[in-house]
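Colleague: Read off the chains here:
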Amino acid sequence: MTPLKPVSPLFKAGLGVAFFVLFVALWSIATFGGLVSRTFLADPLTMAREGYALFAQFGFARDVGITIWRVLGGFILAAVVAVPLGIAMGAYKPIEAFFEPFVSFARYLPASAFIPLLILWAGIGELQKLLVIFIGSFFQIVLMVAVSVGATRSDLVEAAYTLGSSSTSVVRRVLLPSAAPAIAESLRLVLGWAWTYVIVAELIGASSGIGHMITDSQALLNTGQIIFGIIVIGVIGLISDFAFKWTNHRLFPWAAV
Amino acid sequence: MSEVAIEGVGRTFAGVRGGEPTVALLPTSLVVGDNDFITVLGPSGCGKSTLLRIVAGLDTPTTGRVLMDGVPVAGPGVERGMVFQSYTLFPWLTVDENIRFGLREKGLPQPQQDEIAAHYIAKVGLRGFERHYPKMLSGGMQQRTAIARALANDPRILLMDEPFGALDNQTRGLMQELLLAIWETDRKTVLFVTHDIDEAIFMANRVVVMTARPGRIKTDATVGLPHPRHYTIKTSPEFSALKARLTEDIRTEALKVATA
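So the sequences go chain by chain: A and B. Taking the numbering used here, the leading residue of the first sequence gets 120, the next gets one more, and so forth. Taking the numbering used here, the leading residue of the second sequence gets 20, the next gets one more, and so forth.
Please note: incorrect hints may appear among the correct ones.
What the hints assert, rightly or not - Reference excerpt, derived from the structure (chain B facing chain A, CB under 7 Å, subset only):
1) Val97
2) Thr107
3) Pro110
4) Phe120
5) Glu124
6) Phe148
7) Asn172
8) Tyr250
Worth flagging that the hints you see were computed from the coordinates, not collected in a lab. By construction, the Cβ of each residue, glycine as well, lies at the ideal position given by its N, Cα and C atoms.
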């Protein structure tokens, strides 16, 4: 192996699949081989059967839909407010000086620790779930966007000024397009984190959603369903990640050329 | 009529962490006349780029002022176009869109933009590359686009900060010929900073040599070579004589830096 040397797309895909195969193989050996008790870990076939039963008999699709809705709802609400604020902070230093210390502090506050408070304030309805996602995503997005905008090459800004740009036009025509790919990349990362918050929010005080199903299955010691739930989250995460990457590639061809 | 008058412009940078302030440029005066092509020649760190940035309005002088047609310069402006040493094309815009950047800023109507962009794309030999992004272009092509972008704005003076410094020797030679040809047809006023003696003489009608840091003007030599100039002029006796003289001037300055 040579450092940083790229591999062919086919070989790359093959290697990626190979690890999944290896993972399932080890799991099968551990469960079918009797190395781990069925009570603690279901085997892959049981998991698949349970998964089918979840969709066919227990209306799991509705839970999945609700969880996706909560993640996207909270995430989009956070992004709609956080992206403009991040841009303002990245572009204008006084605004950054005003908000940055608080946002840096707030981003270390664990969103999951707010759940008891949020239940108190917002009940156990949808608003509480959305707020958990919102708190978990908002501060992260603000800071990452501010850093991306602030990292705009100063020589590009200078070039724009010598071409007759005003300050507002520099923000609109240089800072924004220059930071756009990094902003999109930040959103992709934060969306991934939002998924972990939603499950935690659903573990406590929820009557629907993937997280709720997982808590229910725990009570029944149904490890097959728990694992299936976790895998579903992983698959949805993977799909949203691909969708984001694909969109970014389409939106910003100049960054990838 | 004088276009740009640099009057006693000096620049001192504040010391870092309580250190001594650095005098980058001693008060310098220079008058750039209409249609002049002046090259500013000096060793690295002599403040020649600082001087150019002050003329561009990207830096403010500690002493003195720059006058543009008698009006003091207070910041960057469209009448002073600039080409930088680093590649400063906007990576998210195509060649064509980069060249239109200033035209859109001015709010020119689309047909007029089309006409101007096409004219300068042809002028710098980039036909067929209009839809290319900067990343897809060689360094020489990027700098040609940058020149076209600056010229499309029709500035009164073109400021160039070692624009060919990062290019290989052959490309650099071709770029000099291209720029010289543009100047010979358009007679755009140019202030060009470089540390390359051949480059300084080949294109200019005046070469200003600066001293080592802190910089000031040491020599102001007129280049009497006739136009249009062909690249073979670089081997003519007149060229060599001037080169020998300027080499001696700049060598003493470089030595000061090396032994300081």
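Colleague: If a hint holds in the structure, say so; if it does not, say that too.
Modeller: Verification of the hints:
| no. | hint | verdict |
| --- | --- | --- |
| 1 | Val97 | holds, 4 Å |
| 2 | Thr107 | holds, 4 Å |
| 3 | Pro110 | holds, 5 Å |
| 4 | Phe120 | holds, 5 Å |
| 5 | Glu124 | holds, 5 Å |
| 6 | Phe148 | violated, 13 Å |
| 7 | Asn172 | holds, 6 Å |
| 8 | Tyr250 | violated, 29 Å |
Against the hints set out earlier in the document, violations occur for numbers 6, 8.
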